[in-house]
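Asks: Below are the chains, spelled out letter by letter.
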Amino acid sequence: KQEVTQIPAALSVPEGENLVLNCSFTDSAIYNLQWFRQDPGKGLTSLLLIQSSQREQTSGRLNASLDKSSGRSTLYIAASQPGDSATYLCAPDSGSARQLTFGSGTQLTVLP
Amino acid sequence: DAMVIQNPRYQVTQFGKPVTLSCSQTLNHNVMYWYQQKSSQAPKLLFHYYDKDFNNEADTPDNFQSRRPNTSFCFLDIRSPGLGDAAMYLCATSRDREVYEQYFGPGTRLTVT
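Chains F and G supply the protein sequences, listed in that same order.
Residues 1 to 112, numbered by my numbering, are exactly what the first sequence covers, in order.
Residues 113 to 225, numbered by my numbering, are exactly what the second sequence covers, in order.
This is chain F alone, in the form it adopts within the complex (with noise of 0.2 Å):
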């Protein structure tokens, strides 16, 4: 059964900060990975998508990168904006049923 994790599950930063957000899956065998921004009593939106066959997928300030392998993938979010202030997540797409299993997320604070 994939089981994802996210680190940090909270995270706060003053506008303009490049950052990190680090996901990890234990079931290496994935199709693709998406990751989704969910602002506040809100539905998913869709960053990017990167194949298994990817190492890694460019929208904008956001990088996400795939290391299918070591079962890690990452977002980078360029010069932060208070915008970009929302949870992300994180989902593989995995197992016979083609199944999105999604982290918990990272909570993303910029502050102006």
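Do not take every clue at face value.
[Claimed, not checked] Here are the simulated DSS-like pairs of lysine-lysine, each with C-alpha atoms no more than 27 Å apart in a straight line:
id: 1; chain 1: G; residue 1: K156; chain 2: F; residue 2: K42
id: 2; chain 1: G; residue 1: K129; chain 2: G; residue 2: K150
id: 3; chain 1: G; residue 1: K156; chain 2: G; residue 2: K129
id: 4; chain 1: G; residue 1: K150; chain 2: F; residue 2: K1
id: 5; chain 1: G; residue 1: K150; chain 2: F; residue 2: K42
The hints are simulated quantities; they were obtained by calculation from the structure and are not laboratory data.
Chain F is fixed; fit chain G onto it per the hints.
Replies: Just chain G now, with coordinates in the frame of chain F:
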């Protein structure tokens, strides 16, 4: 804009009173998912439809059922809500099982009194 829509956004029901949550999508995706997310926890998959093929997760309580009358709509029925069923319910879609990226709706916050 193509999107995943959930109604209502907020639902209050009484203990034991059946409730139905609705999800619709304009993406014409084959797969629709229902997740339950309790406060400060990760979303947990309840079940999904691949076209008309229903797939229930092993640990989803029997109290939860789903219907997909057509490609665009999917419903979550909670037959006898308990206090422990209070949560955010998230609907998601993906084009198919191989092209995998999931797109989520805004969620329905269910309160059980």
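Asks: Now, for every hint given, state plainly whether the structure supports it.
Replies: Comparing the hints with the structure gives:
At roughly 16 Å between alpha-carbon atoms, K156 of chain G and K42 of chain F fall within 27 Å of each other, so this suggested pair holds. A distance of roughly 20 Å separates the Cα atoms of K129 of chain G and K150 of chain G; the hinted pair therefore holds under the 27 Å criterion. Taken as a hint, the K156 of chain G and K129 of chain G pair is honoured in the structure, with Cα atoms around 23 Å apart against an allowance of 27 Å. Between K150 of chain G and K1 of chain F the CA atoms are separated by roughly 20 Å; this keeps the pair inside 27 Å, and the hint holds.
For the hint linking K150 of chain G to K42 of chain F, the alpha-carbon distance of about 13 Å falls within 27 Å, and the restraint holds.
Of the numbered hints given earlier, the model fails none.
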